[in-house]
Amino acid sequence: MNKLKAQQWMSQALDGELSARRRQRLEQWLAAHPEDRVLWDQWQQIGSQLRAAVEAVPPLRSSAQAWAGIRAELDDQKAAAGAWTWFGGRSAAWAGSLAALLIIATGVWWWSFYTPTPVSTAVAEVDRTQVEWIDTDIESAMPVVYTDAGTGLTVIWVSFDEEKREDNGYAG
Amino acid sequence: MPVRNKLRGSYWIVCLGLMGVLGVPLAAAQQTVTMDVLLIHASDRPAALDTRLDRVEFRLRRIFGFEHYGFLQQERTLLTLPTQTRVRLVTGHVVQLRAERLNGRIRAHIEWYQDQERLVATTITQRRGVPAILGGPPHDEGNLILVLEFE
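Read top to bottom, the protein sequences are chains A and B. The numbers in the first sequence follow numbering that gives the first Met the number 0, run straight up by one, and end at 171. The numbers in the second sequence follow numbering that gives the first Met the number 0, run straight up by one, and end at 150.
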């Protein structure tokens, strides 16, 4: 046996693949070669550390087990959300939005109903109707022109003296 | 480049053409107005509200002191200015009107007749959408009001 062969047998022995007869010969070699004994001890130590680390990893779950776990977790989350949904969940957000929309709609309706429409606002000074002249052929009538302050509208009104017009035979 | 100059020239020709095509009807539209004549009977006799006067009644109530305003007639006529027209009222009156455009407004000469008798004659200048109110002729225990508006 040489040094290389000894190291191959050491590796096989650590993997449990070395026969009993060779294992015995390896022990004799290690007893005769202290430097290889040190190496053997180090390899054994590393092997035991690796096995300990592998044993610490939890065993792999099957896909069915994994899905079952996910489902259970989702169910837990749904149950937790359902318990406070009316106080702060998604439904509360919808309800809040709906309430805000209702308030705005009511405000707009109120505003449009109780505030004057553009038609009811007074006509601006520059837009007012201008009267150049006014006349009537009725002797007993008196024409008047005035602009109503509230509406801004120009009124051309002819006041008729009813008695005089009846005397003149006006039917009205 | 000559090709590019040609394209640029064509672009301006198309633009001018479009302006012409769009401009002609626009100018024509500006000369066309809708005349809205609304005849109202105002009296102090109690009567139900006339919903046909919703657009003007609240204004009339601010101006006049009548108890009731009743709808008698409404005439809407499309006019191309300048023009003259005549409206026969259901009360037997006739309103003659000459209208023309003047500085963005409409200048209207109005004559309101009862038979051959001229009850009112006036010349006014008004803006589109601003009604003028003529009134006074007695009718059926009340008075007639004519709301004239160009739209």
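None of these hints come from the bench; they were simulated from the model. Glycine residues also receive a C-beta, built at the ideal position from the N, C-alpha and C atoms. Misleading hints may appear alongside valid ones.
[Unchecked claim] Cβ-to-Cβ under 7 Å is the rule here; a few derived chain B residues that face chain A:
1) 41
2) 45
3) 52
4) 58
5) 115
6) 123
7) 124
8) 126
9) 127
10) 133
11) 140
Run through the hints listed earlier and report the numbers of any the structure violates, in increasing order. Result: hints 1, 2, 3, 5, 9, 11 break, sorted rising.
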